[in-house]
Amino acid sequence: MNSMKITLFKYMSLCLSVVFLGACAGPGYGPIVEDLSVQARASQRIPLATNNVLGNETNPSATDTQPRKPVELEKPKPYVVPKAKVTITPQSSPSKVVVAPTEKNIEVVIKQEEALPPSDQAVVEQLLSNADSLKGQGKMAEAVIQLQRAQRIAPREPKVYARLSALQLSLGEAARAEQLALKGLTLVPNKKRYQYYFWKLIAASRSHLGNSKGEAEAIIQADKYK
Amino acid sequence: MSKNRATSKSKPNAPEKWFSWVWLFKLATVLLVLGVVTLIYLDAQIRHRFEGHRWSLPAKVYARPLELYKGQQLAVGQLDYELTQLGYRFVQSATDTGQVQKTNQGMIIHSRGFRFTDGAEQGHLVEVILQKNKVTQLRQISGAAIASLRLEPQLVGGIYPSHNEDRELIQLNDLPNGFIETLLMVEDRDYYSHYGVSPWGIARAMWANIKAAAVVQGGSTLTQQLVKNFYLTDQQTLWRKLIEAPMALLLNVHYSKEEVLEVYLNEVFLGQAGKRAIHGFGLASRFYFGQPLNEIKLHQVALLVGLVKGPSYYNPHRHPQRATKRRNLVLSVLAQQGVISDVQKTQYQALPLDLSKAKQVSRYPAYMDVVRRQLQQHYPASALSNQGLRIFTSLDPWVQHQAHIAMVEQIDALNQRHGKIPTLEGAIVVSHRGSGELLALVGDHDGGYAGHNWALDTSRQVGSLLKSVIHLAALESGQYNLATLINDESIALPQPDGSVWQPQNYDRRSHGKVPMYKALTKSYNQANVRLGLQVGLEKVLQQLSEMGIEQSIPAYPSVLLGAVEISPMQVNQIYQTIAGNGFYSPLSIVRQVTKANGQLLSIFPLIVRQAASNDAVYLLQHEMRLVANEGTARGVYRFLPKQQKVAAKTGTTNDQRDSWFAGFSGQHVATVWLGREDLKPTPLTGASGALNVWGQLMQHLSYTSYEDIKPETVGYYYVNRATGVVIPNGCPDGIDLPMVNATAPPINTNCGY
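In order, the protein sequences belong to chains B and V. Residue numbers for the first sequence, in my numbering: 7 to 232. Residue numbers for the second sequence, in my numbering: 3 to 755.
Calculated directly from the structure, the hints in this document are not laboratory data. Just so you know, not all the hints are guaranteed correct.
The list that follows gives simulated cross-link-like pairs (lysine-lysine, DSSO-like), each with its CA atoms no further than 27 Å apart [claimed, not checked]:
id, chain 1, residue 1, chain 2, residue 2
1, V, LYS28, B, LYS141
2, V, LYS712, B, LYS232
3, B, LYS197, V, LYS104
4, V, LYS72, B, LYS141
5, B, LYS219, V, LYS72
6, B, LYS197, V, LYS28
7, V, LYS597, B, LYS16
8, V, LYS597, B, LYS198
Using the sequences provided together with the hints, build the complete structure.
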């Protein structure tokens, strides 16, 4: 009986080791990026990202420490992508973007916006009003999306820049707000109401940034169009 | 040893038994253990595969949605093209979703709707009234006016998990009428009653096939087919064949019939498109018909179900007759089984295959390259490929289509004219003037992906394109206006290494004192080098960096003539800043990223940053318009109507190694580069090479007339063309030029002579 047990044991261990090895074998994983074009010269195609790096699962917006280089023919000069973006971190509660404490003059400025003339395209007015109601619901990112749609449709419509600038200012992004207002200014020569409004926005933004000299200059400019 | 002798002595003449129950028992136990262990292994394997395929979702990359609104100007053929690419069917009467009906005045579109990040856009039945490709009215058939209609965005690519397969996930409750019946009737009649394997099904199938003398029914169940599909990429070894049945049984034990069916519908292999495998009915419906699965009709359903047996053999693109026969066979089976009537069968069989008319060869490789790079800076690899992220980009399919055609056709024409130019390559970058979004990207000479993205990864000398920056720096200084005289005499500059740099004009002549605008329109090298040195090389380089060129550039005078290497993408960035009235907006490609359920993860907001004063840029823009009207870029009006305002600059490098063209219209900024990969001279200048590509591209993009917005501080002055002096309006040989009022010179009453 002993010899039978030994043989059985040998067989079992053999089987188990085979099974174990088989189970351990598995395919390597790595993301493949593919476009929907039919590859006319597929044989010449260099594989794209083949790095097998499993990154952090936590925050998908976290920037990687190492830029991943695709396999290329020559050493590429990396395309410097704009760093600017607003990331909405997923939260359990309905997304609330933290609004910077609005200073009094910002609120005043934003109220003055009501006095601006309507834009001359129905679709733009619709998008602006959508943005307004989204802003009222606290959905800031969605409001920005509406305004940017309007800006693409009517890039010369000053009211869009006025709203974008005011929105960025109320989010505490004063530098962005200032630049958007400056761009808006280039669209409204001889339009006093807009010029006044944009200079007030610039003054409020500069105040927020601690640029008191710039703020004073902006106030002087605004007064010209009162 | 002694024991044996003892045994053999005690039992003499007894034969050695080769068969013993004990031995059999041992064998049986071993086999049983083996079997159990194998079953456990198979169980783990099948569950791993099932769950893995069920839960990993590839990321989807979308182009920009086409938004129709009153007052919108479209290009000729654009709306038809985009609707076709989206799989809309042109019919007599648009009764169903995904149909378009042409009318005398325009179209009636039954749109599909889409869950956008800023809210769901419902499907609408909308009438679009067009006049010369301009939307003059937009209203719902029900009567209510609507401000805009957003069509669903075209899917342009994806980022897949390791198994490198594309999916368009479908759910059981979202199937077209008759789909399940057709599938089960043909492939697995007893699906809901068997245990994963159906011996009765096999027998019946064999009988039916013998009777029909054709493969009418499949013998393996859907469950077994699913198991086979999991291993399709591996060899069909004997081992695989043996384990198929037990794995099917195990699947049936762990998962409900609905769950298995749903995964089957998303897994079954239905075709191959080059390197791309088509898995699942959702994707197959898109691939063959260009339509979502829930939209297709029974004859199309029959084709897809028929493909299960042999997607390559019955490939409708390669073997349309075979495919039609197979489809009709499926329809016959349905009629036989009473799912449809004989009349219906005849009607359906008479229909054509109804494949998609959308061009399968849509080219986006260079664009997808940039998307990937931008995303990889913000998202780890696994999040990108497994979580079903939805990535909304600014790609404009129409602009991309036209850019691709322009590149291919014009390079062809150039090869015809000059004899084949070896290793000629090219790149096109197109962006939206207002927002800086990237609309289209062509990365090589034929839009295919040869592994190198010339728009991004190659920097070439930019030649005369740099002159625009010199002029901007000059205008910024406040000490120059467009009429200021610049000396176009020869100039010799000793270099640190002892040599002398003596740049020549293209025509090898000097032109004396010329007004500043003329130095740009004629692209005089000598005058521009003098201007650049007067303004200050450092100032010019500073201006360049303000406009978005981040690399550090050594301050050699030759930089003034563009002896500095910049990629087409970055060149477009420079001209985008000029077109943006001096405001730098980074060229961006991704608008938003959301989760699979629509939850917003990131947005990329509009950023502007003033890089030059409004006055100076306005003057430069005017100069560049003159370059197109009467300067080196005037060839562009062979392609465009004379009233279309464009601003442009040509660029040619030493020995004509590079041919550049950069410019903008009211809506678009575009940069074209042509050059040889081996860096040898070409027969092309900017005006005779890249210009043609640019011209053809712009010709096919939508155009609305526009007025540049003149700053209050600028006025127009009538100026003597030769001497640059401001003269009264009655004088001859004058040109209207904008100038900053505060520094405009006084009028010379002698007509400037």
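Tell me the hint numbers this structure goes against, listed in increasing order. Numbers 1, 3, 5, 6, 7 and 8 - these are the hints that the structure violates, sorted from lowest upward.
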